[in-house]
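Trainee: Residue numbers (our numbering), protein chains in the order written: chain W, 1 to 54; chain X, 1 to 177; chain U, 1 to 575.
In case anyone wonders, no lab produced these hints; they're calculated from the structure.
All values reported here derive from a predicted model rather than from experimental measurement.
Any given hint could be a false lead.
Computed cross-link-like contacts, BS3-like style, restricted to lysine-lysine with a CA-CA straight-line distance of at most 27 Å [stated by the list, open to error]: (1) X:Lys-108 to U:Lys-566; (2) X:Lys-64 to X:Lys-107; (3) X:Lys-107 to U:Lys-566; (4) U:Lys-349 to U:Lys-429; (5) U:Lys-516 to U:Lys-27; (6) X:Lys-64 to X:Lys-108.
Listed below are the residues making up each chain.
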Amino acid sequence: MDDRPESEPRQERVPAMQQLLDNPFLLLFIGITIPTILYIVWGVMEIASIPVAP
Amino acid sequence: MAISPPQNRLWWNEPIERVEIGWVVVAFLWGLFMFFFMIAWHFIGGQNLSTETYRITPAAYEQKVATFAEKYQVSEESGVPVVRPPVGEDVFILARLWEWWPLLELKKGQSYRIHLSSIDWQHGFSLQPVNINISVHPGYEQIITLTPTEAGDFGIACNEYCGIGHHMMTGRIRVVE
Amino acid sequence: MTAIDVSHSGLAAARAAFRTCRFTGLKVDIAAQRLIMANAVAAVVFLAVGGLMGLLVALTRWPAVHLLPSEWFYLVLTGHGANVLLFWIIFFEIAILYFASAVLLGSRIATPKIAWAAFVLMVAGAIMTNVAVFQGDSSVMFTSYPPMQASPHFYLGLIIFAVGALIGVGIFFATLVVAHGERTYEGSIPLVTFGALTAAIIAVFTLASGAIILVPTWLWSLGLVAEIDPLMYKVVWWGMGHSSQQINVAAHVSVWYAIGALTIGAKPLSEKVSRTAFLLYILFLQLASAHHLLADPGMSATWKIVNTSYLMYLAVLGSLIHGLTVPGALEAAQRRNGYTKGAFEWLRKAPWGNPAFSGMFLSLVMFGFIGGISGVVLGTEQLNLLMHNTIYVPGHFHGTVVAGTTLAFMAMTYYVLPLIFQRDVIWPKLARWQPYLFGMGAGGISLFMMGAGTLGVPRRHWDITLTDAMHPFDLPSGGFLMMGLNGLAAVIAAAGGILYILITVGTVLWGKRLDKGEAPLTFPLHKQAATVAEYGSHATVKLPGTIILVSVFFLSFVLYYFVNWKYLSEIWLLR
Ligand code: HEM
Ligand SMILES: [Cu+2]
Ligand SMILES: [Cu+2]
Numbered sequence: 001m002d003d004r005p006e007s008e009p010r011q012e013r014v015p016a017m018q019q020l021l022d023n024p025f026l027l028l029f030i031g032i033t034i035p036t037i038l039y040i041v042w043g044v045m046e047i048a049s050i051p052v053a054p
Numbered sequence: 001m002a003i004s005p006p007q008n009r010l011w012w013n014e015p016i017e018r019v020e021i022g023w024v025v026v027a028f029l030w031g032l033f034m035f036f037f038m039i040a041w042h043f044i045g046g047q048n049l050s051t052e053t054y055r056i057t058p059a060a061y062e063q064k065v066a067t068f069a070e071k072y073q074v075s076e077e078s079g080v081p082v083v084r085p086p087v088g089e090d091v092f093i094l095a096r097l098w099e100w101w102p103l104l105e106l107k108k109g110q111s112y113r114i115h116l117s118s119i120d121w122q123h124g125f126s127l128q129p130v131n132i133n134i135s136v137h138p139g140y141e142q143i144i145t146l147t148p149t150e151a152g153d154f155g156i157a158c159n160e161y162c163g164i165g166h167h168m169m170t171g172r173i174r175v176v177e
Numbered sequence: 001m002t003a004i005d006v007s008h009s010g011l012a013a014a015r016a017a018f019r020t021c022r023f024t025g026l027k028v029d030i031a032a033q034r035l036i037m038a039n040a041v042a043a044v045v046f047l048a049v050g051g052l053m054g055l056l057v058a059l060t061r062w063p064a065v066h067l068l069p070s071e072w073f074y075l076v077l078t079g080h081g082a083n084v085l086l087f088w089i090i091f092f093e094i095a096i097l098y099f100a101s102a103v104l105l106g107s108r109i110a111t112p113k114i115a116w117a118a119f120v121l122m123v124a125g126a127i128m129t130n131v132a133v134f135q136g137d138s139s140v141m142f143t144s145y146p147p148m149q150a151s152p153h154f155y156l157g158l159i160i161f162a163v164g165a166l167i168g169v170g171i172f173f174a175t176l177v178v179a180h181g182e183r184t185y186e187g188s189i190p191l192v193t194f195g196a197l198t199a200a201i202i203a204v205f206t207l208a209s210g211a212i213i214l215v216p217t218w219l220w221s222l223g224l225v226a227e228i229d230p231l232m233y234k235v236v237w238w239g240m241g242h243s244s245q246q247i248n249v250a251a252h253v254s255v256w257y258a259i260g261a262l263t264i265g266a267k268p269l270s271e272k273v274s275r276t277a278f279l280l281y282i283l284f285l286q287l288a289s290a291h292h293l294l295a296d297p298g299m300s301a302t303w304k305i306v307n308t309s310y311l312m313y314l315a316v317l318g319s320l321i322h323g324l325t326v327p328g329a330l331e332a333a334q335r336r337n338g339y340t341k342g343a344f345e346w347l348r349k350a351p352w353g354n355p356a357f358s359g360m361f362l363s364l365v366m367f368g369f370i371g372g373i374s375g376v377v378l379g380t381e382q383l384n385l386l387m388h389n390t391i392y393v394p395g396h397f398h399g400t401v402v403a404g405t406t407l408a409f410m411a412m413t414y415y416v417l418p419l420i421f422q423r424d425v426i427w428p429k430l431a432r433w434q435p436y437l438f439g440m441g442a443g444g445i446s447l448f449m450m451g452a453g454t455l456g457v458p459r460r461h462w463d464i465t466l467t468d469a470m471h472p473f474d475l476p477s478g479g480f481l482m483m484g485l486n487g488l489a490a491v492i493a494a495a496g497g498i499l500y501i502l503i504t505v506g507t508v509l510w511g512k513r514l515d516k517g518e519a520p521l522t523f524p525l526h527k528q529a530a531t532v533a534e535y536g537s538h539a540t541v542k543l544p545g546t547i548i549l550v551s552v553f554f555l556s557f558v559l560y561y562f563v564n565w566k567y568l569s570e571i572w573l574l575r
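Go ahead and model the full structure; you've got the sequences and the hints to work with.
Mentor: This is the structure in structure tokens:
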């Protein structure tokens with residue numbers, strides 16, 4: 001939600017971090033990706049790689 | 001106010017309070033410390049949970065434990081074998097509804113490779129009053145190296161809910177000098 | 001979503017009916033208001049059912065009372081977990097999401113019809129699971145670890161509930177889009193809405209994990225899937241089970257900020273720091289699901305350390321930041337309001353008689369000191385061995401989710417009643433005491449269960465005397481004492497809980513209507529000097545009281561952390 005219509009009085013450029021924080025769907029994307037990779041996918045790989053008892 | 005949009009459109013450019021920066025730095029460093037302390041304990045600490053694990057069918061595990069118990073059984077208590085494995089030998093504990101089987105006799109100060117697995121539901125190995133607590137799954141055999149540092153009778157409770165007999169599930173490790 | 005909303009927006013916006021709040025000037029969409037009311041009422045009903053079950057559980061675990069027979073104990077404990085942790089909390093959170101989007105942004109709520117469908121699904125699912133529990137063959141605890149199996153409709157109810165909740169979360173996102181598209185607000189969303197957004201993002205991950213694991217489990221209970229791997233189940237299930245607690249954290253931190261704003265006009269010290277703290281939640285909080293697998297076979301130490309530490313404690317950093325900025329914002333506001341003497345006049349002269357404020361502050365303190373510290377200790381890879389699955393664990397999370405979240409939500413209710421239900425709270429004198437009563441009880445059960453767990457008392461356990469066991473042994477007598485004290489504290493908590501239910505239900509039914517006649521309230525309620533600072537602390541750089549409070553907190557944290565390492569270093573050697 002960072003896009004400012006042209007009709008607005010011109011302001012300074014919105015800093016990149018604020019643009020990120022103002023964008024719910026980008027946040028949603030990274031908020032799902034990180035735990036999916038680090039926790040779920042990595043965790044499932046660990047389990048899948050457990051060897052069979054000798 | 002926190003319930004209305006920030007008054008300043010470009011709030012990211014506002015200066016931050018000194019007290020806030022100070023606290024963020026302290027908290028961040030403390031977090032780093034705690035993170036590295038966990039890693040360090042793997043090298044300096046004497047208590048780390050082994051992650052050595054194998055897949056095994058319940059039937060195969062039951063067989064292993066039975067063989068072990070038969071080999072080193074020294075007596076019997078209320079129908080359950082009391083097993084005294086030689087020092088350094090692999091030791092097997094079986095979790096099932098609702099007991100930890102068999103009863104064990106270990107030597108103080110000696111290390112044993114203890115195998116843990118369940119043949120039915122999940123159980124919780126809870127050694128008391130030492131307070132060592134480990135989850136036990138069916139289908140997975142976990143091996144930890146345990147060194148008792150005190151002599152006496154130690155109970156094993158079950159602290160993973162395992163059905164209506166959960167509160168009756170116990171076992172025992174006797175540690176002798 | 002965007003395309004549909006924009007193409008209909010003119011029409012829908014014209015159709016939506018609004019009222020203007022007489023107290024805050026907020027523009028309230030009537031459809032959103034009705035949805036908030038429905039979800040809040042459902043939440044309170046499930047809290048009543050689940051809270052009562054909590055009391056029965058605690059009375060059974062009180063050795064001298066030992067109320068229920070074992071079958072009933074495990075049944076009621078299963079129901080307690082599901083009703084309070086899932087149903088009460090998530091219904092209330094959906095209400096908060098609708099409030100933080102539609103009401104705070106002055107927007108219409110997106111697709112109210114679908115929001116009602118979501119509500120119906122959630123109610124149906126919650127009832128279905130309760131029926132399964134009460135039929136007696138689903139006493140599997142709300143975690144339902146396989147290979148232990150419940151009836152199919154136990155899982156199906158949870159799935160339907162989760163689908164409903166996920167739709168509710170979708171409505172929140174859609175409402176953000178609508179508000180942005182229709183330009184109902186200027187600039188960035190308010191901090192409280194941002195906190196709600198954090199909760200909503202975590203909720204999507206949570207509910208998706210739940211669906212991924214519960215659907216196959218349901219099929220397994222129907223005999224259509226041969227086997228569910230118990231370890232795999234545990235990893236994915238806790239992606240839901242623990243992350244849902246993180247929704248609570250994000251939601252109740254938002255509630256703290258909201259109550260601070262409504263009560264004394266508090267504003268964040270800096271938007272940047274507070275929002276960055278929420279961002280740390282979005283990025284890292286959900287990794288802590290690994291807390292539940294620290295004592296399990298198969299997972300490598302690297303996986304455990306990276307995940308359990310929220311990637312180097314970065315999400316804990318987020319909480320520690322809020323731990324400073326929330327009291328800091330309160331102190332700054334109170335100082336602006338004229339309470340400037342010494343380090344603590346702002347705190348002494350805070351509106352302690354206002355149940356919203358007192359509940360919020362107690363929630364803040366107990367969440368930090370009890371729930372927060374114990375959570376980090378419990379979530380440390382090696383320290384977990386000392387307490388895993390002992391009753392320390394329920395002790396810890398009653399500190400987070402009862403003394404923290406539930407108390408914060410109760411506090412918020414004292415504003416939801418006048419602002420959304422437009423009813424004056426009945427029995428204001430009793431309402432003053434309610435947060436203290438419940439807070440004391442909740443703090444008590446947390447601490448006593450933690451104490452008992454440290455002494456080895458197992459969780460979810462009907463008989464710690466172990467009399468019927470094949471090889472009985474004695475747990476420390478201190479553990480029995482702690483469980484007795486826990487029972488006493490539970491009675492106090494239950495009294496506070498019952499009072500809350502009576503006040504809430506009584507107000508909704510019989511409270512004086514506030515939509516006409518003289519307006520008895522103006523928000524913020526306790527504000528003396530008006531100031532026009534651009535950002536919160538402008539005029540009040542010095543926050544000595546907050547610095548002292550935070551230092552005490554930090555010292556307790558460090559001390560307790562090392563005490564536990566000392567304790568660990570004394571047990572049997574293990575490698
Ligand atoms: C009157 C208030 C309450 C009392 C007296 C109470 C008491 C208890 C007790 C004694 C236990 C049992 C621990 C065990 O045997 O393992 C328990 C478990 C639990 N409680 Fe509460 N509680 C209360 C409110 C709540 C609330 C409001 C929540 C959530 C928001 C909650 C969430 C839980 C959960 C998730 C469990 C674990 C269930 C399980 O192990 O499956 N409780 N509670
Ligand atoms: Cu068991
Ligand atoms: Cu058990």
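Trainee: If a hint holds in the structure, say so; if it doesn't, say that too.
Mentor: Checked hints:
1. X:Lys-108 to U:Lys-566: holds (21 Å)
2. X:Lys-64 to X:Lys-107: holds (22 Å)
3. X:Lys-107 to U:Lys-566: Roughly 25 Å separates the two Cα atoms, so the pair holds.
4. U:Lys-349 to U:Lys-429: holds (19 Å)
5. U:Lys-516 to U:Lys-27: Answer holds: Lys-516 (chain U) to Lys-27 (chain U) is near 17 Å, not above 27 Å.
6. X:Lys-64 to X:Lys-108: holds (25 Å)
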